[in-house]
Amino acid sequence: MANARLRNVTKRYGDGVALDDFSLDIEDGEFVVVVGPSGCGKSTLLRLIAGLDPLSAGEVHIGGRRVDELSPQHRDVAMVFQSYALYPHMTVRRNVEFPLQMRGMSKRDRRVRAEEVAELLEIGALLDRKPAALSGGQRQRVALARALVREPALFLLDEPLSNLDARLRTNVRQHIRDVQRQLGVTTLYVTHDQTEAMTLGHRVVVLDHGCTQMVAPPLDAYARPANAFVAGFLGAPAMNLLPGTIESDALVLAGQRVELPDALRASIVAWGPAVTVGIRPEAFASAQGGGGGAFVVHADPATIEALGSETLLASDTGGRRVLIRVPGGVAADLPPFSAPVSSFHFFSPADGRRLGP
Amino acid sequence: MKRRGIVLLAFAIAGVNLVPLWLVVKQALTPERESFAWPPTWVPHELTLSNFSGAAEAVPLAQGLGLSVGVAVATVISTLALSLPAAWLAARREEVGSRLDGVVVAARLFPTIAIAVPLAVIFVGLGLYNDSSGAGLWLAHTLLGVPFAFLILRAAFRGVPAELEDAAQLDGASPWMTFVRVSLPLVRPSLGAAAMLVFLVSWDEFAYALLLQVTHRTLPPLLFYLSAFGYPGLSSAVAVLMLVPAVVILLLLEPALRSGVLAGSGR
Amino acid sequence: MRAWFLAVPLVVYLAVFLVFPVGEAVRLAFTDSVSGTFPSLESFRTIADDGLFWRALRVNLALPLLAVALELVAGLGLALLFAERLPARRLLRAAVLLPFALPEIVFLTILRSILTPRGYLSGALVGLGAQPVDLLAPGTFASFVSVALVDAWRTTPLVFLILLGALVAIPGEIGQAARVDGASAWRRFWHVTLPLLRPAIVAAVLLRGLDALRIFAAPLVLTGVEGMPVLSTYAFHQWSDYGDDGAAAAASVVLAVVCVLASVPLLRRRITA
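Order-wise, the sequence lines are chains Y, D and P. Each number in the numbering used here comes from the position in the first sequence (counting from 1) with 365 added on. Each number in the numbering used here comes from the position in the second sequence (counting from 1) with 201 added on. Each number in the numbering used here comes from the position in the third sequence (counting from 1) with 16 added on.
Rather than coming from a laboratory, the hints here were simulated on the basis of the structure. Treat the hints with care, as some may be off.
Claimed, not checked - Here are the computed distance ranges between Cβ atoms for each label pair:
#1 Arg204/D to Trp20/P: 55 to 63 Å
#2 Glu296/D to Ala140/P: 14 to 22 Å
#3 Val381/D to Leu435/Y: 15 to 23 Å
#4 Arg300/D to Ala99/P: 32 to 40 Å
#5 Gly379/Y to Val161/P: 54 to 62 Å
#6 Glu296/D to Arg431/Y: 45 to 53 Å
Stated by the list, open to error - From the derived model, a few chain Y residues whose C-beta atoms are all more than 12 Å from chain D:
#7 Ser448
#8 Ala508
#9 Asp523
#10 Glu612
#11 Arg685
Ideal Cβ placement from N, Cα and C applies to all residues, glycine included.
One chain only, chain Y, in its complex shape (with noise of 0.2 Å):
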């Protein structure tokens, strides 16, 4: 177990920059997601601390040991593969037991130990199947074992659930959870999908086009995103981005007045004129009354989708798509909904960053 720290770590290709700039100091024991777009550099970022590319520029450093000049092989990295990449000519022991073998282990250790850890992932059954004999998520587990088994001083994993279906893949998600707390592994994590993002770490990283864009706590992300692009990649549906123009004491949202609260209006006009208004769907409540200090919309009721649990409405407002989300189901008249003003996010149209607290 150890720490990692990052500097300014750079891999560019060509003329193209896959990684710009990228600095992180991941705690012991800590889990780190890292999430964006694909093509976002994730995936290069793996391969980069864990040494299977060279980096162009900047520092790796993990337990204290600067390693980006070793080979991979010596940099006690273990990583999961999207594939998997299990040996198929070797059973489930033996892939699991590699690991411990290239390092000199002796035969009697390796079994106890490769054991130990089939215990904790529940594959004590498939030791002696070869990787062709098992199912996707056997395969997953298998996968683990093996990179868990030699107590890596960093752990390594991209996208790992990418290739599972649906069901299987929430179970997955809370077996890498809860190993990962139990062994308290220090832990890289690369995925595309938000609910990993916002469920697995400790901290997220947002990163796109080879640029980190936040540095945070899953729910600070979510509740306080550094900029538009971070507000409407965390949070399914997306948050709802629409340009408006502050005025004197108003702000015009989609060619509608919305009035600003007296608390909030120094420093929003401050911001002004134009700027770009976050709002998330799930903002949205029935309107009552329709009072000032809010943004209403009207739905379009050919766009419902009643989930039971809850309902995914969009509306037409001003020439913008807005997606609406409640909790249950919604009225037969289908009431206008409302946001307030509080609960909007700020963004800079020019660069996209977070304008306010």
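We have chain Y; now place chains D and P onto it with these hints.
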């Protein structure tokens, strides 16, 4: 009605294709005078093994057999030793692969005689011409084996996901251990197929064998001269000797042939 | 990174045993065999004055055309045959592949004893009341056809394998769709199957055509060096019967140039593909 015709046609073609094999075996196992009979006989009247001893008296058959086996085995070893690392590299680095490809295809398509003639002249100078251990022939046969082995092995290494090698390195294996423990075991079927195919290429080879050796000949030139000098029985006996490994290997290779291991190897 | 060293042994080997001999062949071809002068066109003059060389060149250009045409027709026919359901399929397939499975020299020597005037074919014809034939008589059109036919017989299995692979890769739905559209069997073959096989046919023709240009053993074993000469046997003849390194190298260089010119379409295809 139409279907019966198709089946009959297939069996007729198969039957015609069996004729040469049948006649070789027949001539090898009947006395020489039966092969000279007019009109020729299609079924043996008298069976004998005397052609084998006869061939051994007429030409240095034991020496030829030893040379054929020795050169073929040595060719397999040198061909695989040269091709394995290069094929792995070509499979992992596309830009290297396409260049090696061109060179190897050139080796495959270049006329044998245009290499054999200058090689014979060069070998005379080096003392490798007509070498009693067949060293010169071995070096030339390696040139014929390399394209087959390289193309088969490159296709095989392409089938091994690079992530498996990445995983092995992260599991603490050195590049060499990664190759030995992970990559190599996974291409073993193709390696076996390539080895057998290269053995056959050398075993069957005629042109270099004819040009590079004169008194220390392998089996194909011995067979050629026995046939050219009019000994159908004796030459057929040598032919049967040559057939044995060829048939055994092709039976072993049959599954590989069907599964496409040899696809693109052009043989 | 530093992995390129893995290709070094192969590249060095090919440089020594492919590139160097080719250079040596060119040097020999342009060296006067008698006086040793270089450069000299004496060797080319020697072969140009030799009628056998010109016969060899003509045969060398014509033979691949006939052989490849025969192989293509036979290979395509066999592939179509084997696309049907057949009993004892594996056994039949093995029989079809047999001529190629036999060592070349074995196949050729036995074919010689079949085709020779007192051979099995003549014997069979006499048995049927016909006259014996000499299909290997030096310089005759019959022996030209015989050599092409024997080479085609031996290498048809290769064409068959390439075309069968392409044929079974054609989805069955395409043929069924054409059938639903009311196309006859012949039209289905001509308008559906054949265009889909085109890439495989082109590949087979290029591969086999280039192989056939180098043909050596078949004419040598069946007709000797003078019966139906090609450039390879002519070079062998110059080298082994006259000991003329220069003339042999010159003939080899002519063949190599022919091969290189003929392989241009193949290389162009590789580049575009």
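> Which numbered conditions among the earlier hints are violated in the structure presented, ordered from lowest to highest?
Replying inline: The structure breaks hints 2, 6, 7, 8, 9; every other hint is satisfied.
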